Amino acid sequence: MSLKNTLAPFSAWMQAFSKPFTVPDEPGVRPGAPRYRGWHINDRETCIGCGTCAEICQNVAIDMVPVDEPTKGDSGLRPKVDYGRCCWCALCVDVCPSGSLAMSNEYVWVDHDGDAFRYTPGVDEKPWDGAELGWRKDEGFDIVDHERVPMGHLDPEERIHTWAEVVVGYTEEEARREAARCVECGLCVAACPAHMHIPDYIAAIRDGDDVRALNVIYDNNSMPEMCGKVCTRRCESVCSIGVNGDPLAIRWLKRYVTERFDDLKSVLDVDVERVGEGRKIAVIGGGPSGITVAYYLAIRGFEVTIHEALPQLGGATFFGIPKYRFPMPSLEKQIKLLEDAGVKIVTNHRVEGDELRRMLEENDAVFIGTGLMKPYRLGAEGEDLPGVVYALDLLRDKNIGREVEVGERVVVVGGGNVAIDAARVSRRLGAEVTIAYRRRIVDMPADDEEIEDAEAEGVEIIPQAIPLRVERTDDGRLDFVWGPAEMVPSDRGRPRPKLIEGVEHHMVVDRVIVAIGQSADHSWMPPDIAEKVADAKGWITVDHNGMTGHRGIFAGGDLVNDTADAISAIADGLRAVEGIQRFLGILPEREETEPEIPVITVR
Amino acid sequence: MEKRKLPVLPVAAPPEGSRPHAPLGEGCFLGEEELPKAPALKEALATIKNWFRAQSLWVMAYGTGCGAIELRPLTTARFDMERFGMAMRPTPRQSNVLIVSGYLATKSLKRVIRAYEQMPSPKWIVGLGSCTINGGMYWDSYNTINRLDLYLPVDVYIAGCMPRPEALIEGFKYLMERVKKGEANGWHHYLENLDWYKANQKKLITDWNLPDYNW
Amino acid sequence: MKTIIDDIRARFSVEWEHEQRADLAQIGVAPGTVVPLLTWMKLHTPFVQLNHLSVVDWLEDGEFQLTYLLTDPHGHRSLMVCTRIPREEATMESVHELWPQAVTYEQEINEMFGIHFPGSPRQGVPFILEGWDDLPPMRRDFDTVAYMHAHHPSRPGREHVDPRVYVGKVFGERGYLHDDD
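Residue numbers (our numbering), protein chains in the order written: chain L, 1 to 603; chain B, 1001 to 1215; chain C, 2001 to 2181.
Hints may contain errors.
Said to hold, decoys possible - Taking beta-carbon pairs under 10 Å as the criterion, some of the chain B residues facing chain C (in silico):
hint : residue
1    : 1041
2    : 1045
3    : 1046
4    : 1047
5    : 1078
6    : 1080
7    : 1107
8    : 1113
9    : 1135
10   : 1141
11   : 1142
12   : 1147
13   : 1194
14   : 1201
15   : 1203
16   : 1207
Calculated from the structure, these hints are not laboratory results.
Since the structure is predicted, the reported quantities are computational estimates derived from the model, not experimental observations.
By construction, the Cβ of each residue, glycine as well, lies at the ideal position given by its N, Cα and C atoms.
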């Protein structure tokens, strides 16, 4: 054995002076990679509590727990993660519709207590809160489909020459595809005034079971075909998919189902006791609220009579909404369902004088849903000139088939759906149309889609325009004079328009159509009853049963709520359906109890 | 000594014909029992003993699940567990730390129990990974347990799926802290609640054929 | 591959065939044909090696599908011989006399799916499971979550509130076409 061989092993000692290879024993010395998937972080404010994370988790690691008060658009639940289950796959982060959930790159968590490994990110404080690094959803990547199946519309050029429906409707394949985007979080249920079972019927559509979908829809909405076409769809405004994408086309899906069936009675599976046999109910006003009350009481055996002043039921949905949005056959189908349910319908009958007093004696309860029929006046000089008309009158005359003439040039004053409807109807009557609105376009109460459609049809919108006066010109036309406004902050929240003095614009038109809102008219009631039902300003307040200050008189619709849409009227009707039954002692009085939280514990 | 709360769990009676374990009592080795009676001296001795114990955690080289792959780097120069006085041992008789590395099949549980009972006291169990806490991604499997602490006393859990070697080192440092403070006494707990642990074990392991050690 | 399948067709009745790749094909035969076919193939064709024996549970059809994967070790090609047997009291002829390693496959299938191979030496002897007393766990009608809840308790204290149900309750979602039960 040579000396070299003997000494060779000792060369290892030279390593004692080289830089150590070992990771130093200091905490945090090796942070996770920038995209490491570690402990969760959540933005409590951005999170909407839709529970999609809990739904997708393959390990059932996520529980939704009540943290905040539930509001419309936020269930108040927040995900609580069990790290005895989580495997850091980040499906929850990738699916999160609001994008609030993420993962930090922290990965060390040691404890002697096995129960310690659970927390609600963003609520329970953790050292890794607000971590900059960690897993985030990839830009442009999403598990849920953010793009709505597009809806076909008639070409704008074509539709101003026709009264045919503008919206084409989904085909079966399109509807199933759109329905499959739903994550069934149920936030929409909170936002819908009638609390329709939205995720349930969307699931039925997705499963190809349209009969079930229709039954689910009719469970708490007796005019869904109307809603499917013209609803203000608060549901879509809170849709969790809509936070970062297009909301589910809930309205179009409802429209798809309701249009598929012609004979509703044979499809609907009604299973209620006829508890109202022998009792009589009078409904005054055949609008959505009245129809709702009539239908759901009639199937329970009540003898219901609807009194309507116009020749057709439907209220504002009949006389107010133009037929290119809600065609007549759809409404007639609805009325047929009422007739099939045994509702007596009296049209062309305006209740007046002492008739209400007599109705109160002859019936067990009376429901009033007469709506807002008296238009607000413009409050500008010259508003009584011939040629200054109210939008409601114009729409009604058109809808009940009277001859309507608007001339060549029209200005519509207002920014709500009625204003847009009046503008689009005038457009179809051949006029050049301008809308003058006090505030900005973003402030318009009208549906965004309606505004877009109107603009596509060539309606010009002048925002921040305050009408000053209307004058007659020498050639018999009208000179509409308006002044520009600037937006100034207001203590009421949204900015208010302030007239810029000294500037006047003139516009020569044939018609000035006023659409700045309506108020209630109680002149048909006997004064002593009206006094109890409504306050001095004409507002009606109702209790939790929908009953007014007068015993036995229930009310709903635009009269009562301030949202002035059909679905709120339907919700009022549903409240009165229960309220009337409680009033008559058929249902027990509602007890004010905290709702029981439906908890699943076996996880 | 810190008392731990037992989870409330319905346990079945031991299967017919299985021998009861040897009774606890006189002659049982319970560690501190044999120390001198004077409290101050006893405490001082216990502190010294615990300090020594913490410096020589010998790990039983037995990987039950996928987490064992994270143990191997610890023995390399990069993470170098020997600087903490830790070493891998090939047999339970030479080890005092048992790492349950991830999911634990019912079948493996039986071997783990047997190995644990053969280890000399004091001994500690480290639950590595989410699976030992509440089942992890194997939560709905027909043949893996969800909670290790129903069957064996766990002194430290290291959460994660999988925890990296750095997290393991943090876990061992935490275990050393607890050993030094005399708080890591799962082995005591096991002996004191042997009936409860045995009942849980025998409820799950239906073909019970493990020897009953003489405690 | 076509030649070998044609050869088989000349001697046995083949229900269906499918050529997946140039070196991999599948044929379906009746259960009774399997053993004669495999015997003939081992003796007279290059497909002498049993590579694998696997099962698919066609619960809805009430059948198990057994797949014998035979390999030609020199030609580097494989043939899958598939057969379907009824799920009820599933029994299949053993091939352990052709290939001794089939004993292990048959033992495992017996344990995991409950298919019986009469004559195979280690039928009923536990292979992976110990003390198993439930449905064979790989059967699709075995409810693994229910089994988990019954045998492997989870850490308590988990409480999940389903947003869909919760929102409906809190906001007073009701239906009017049906009376509440």
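### Query
Any CB of chain C closer than 10 Å to the CB of residue 1045(B)?
violated (37 Å)
### Query
Can residue 1207(B) be said to touch chain C, with a Cβ gap under 10 Å?
This hint holds: residue 1207(B) lies near chain C, its Cβ roughly 3 Å from the closest one there, short of 10 Å.
### Supplied contact hint for residue 1141(B), tested at 10 Å Cβ to chain C
holds (7 Å)
### Message
Holds or violated: the hint that residue 1046(B) contacts chain C, with Cβ atoms closer than 10 Å.
### Response
Result: violated, 32 Å to nearest chain C Cβ.
#### Entry: Interface restraint verdict for residue 1041(B) against chain C (beta-carbon cut-off 10 Å)
Given a least distance of 41 Å, the restraint on residue 1041(B) is violated.
### chain C contact restraint for residue 1147(B) - C-beta distance below 10 Å
holds (6 Å)
#### Entry: chain C contact restraint on residue 1135(B) - CB to CB distance below 10 Å
At 6 Å from the nearest chain C Cβ, residue 1135(B) passes the 10 Å test, so the hint holds.
### Message
residue 1201(B) was flagged as interface toward chain C. Is the shortest Cβ-Cβ separation under 10 Å?
### Response
Interface hint status for residue 1201(B): violated (12 Å vs cutoff 10 Å).
### Hint check: 10 Å Cβ-Cβ cutoff, residue 1203(B) to chain C
Cβ of residue 1203(B) sits 8 Å from chain C, so the hint holds.
### Per-residue hint verdict: residue 1113(B), partner chain C, C-beta under 10 Å
Constraint on residue 1113(B) not satisfied, violated at 13 Å.
### Residue hint residue 1194(B), partner chain C, criterion CB-CB below 10 Å
Violated: closest Cβ of chain C sits about 19 Å from residue 1194(B), beyond 10 Å.
### Proposed interface contact between residue 1107(B) and chain C, which counts if any beta carbon pair is under 10 Å
holds (5 Å)
This entry does not satisfy hints 1, 2, 3, 4, 5, 6, 8, 13 and 14, going by the numbered hints stated previously.
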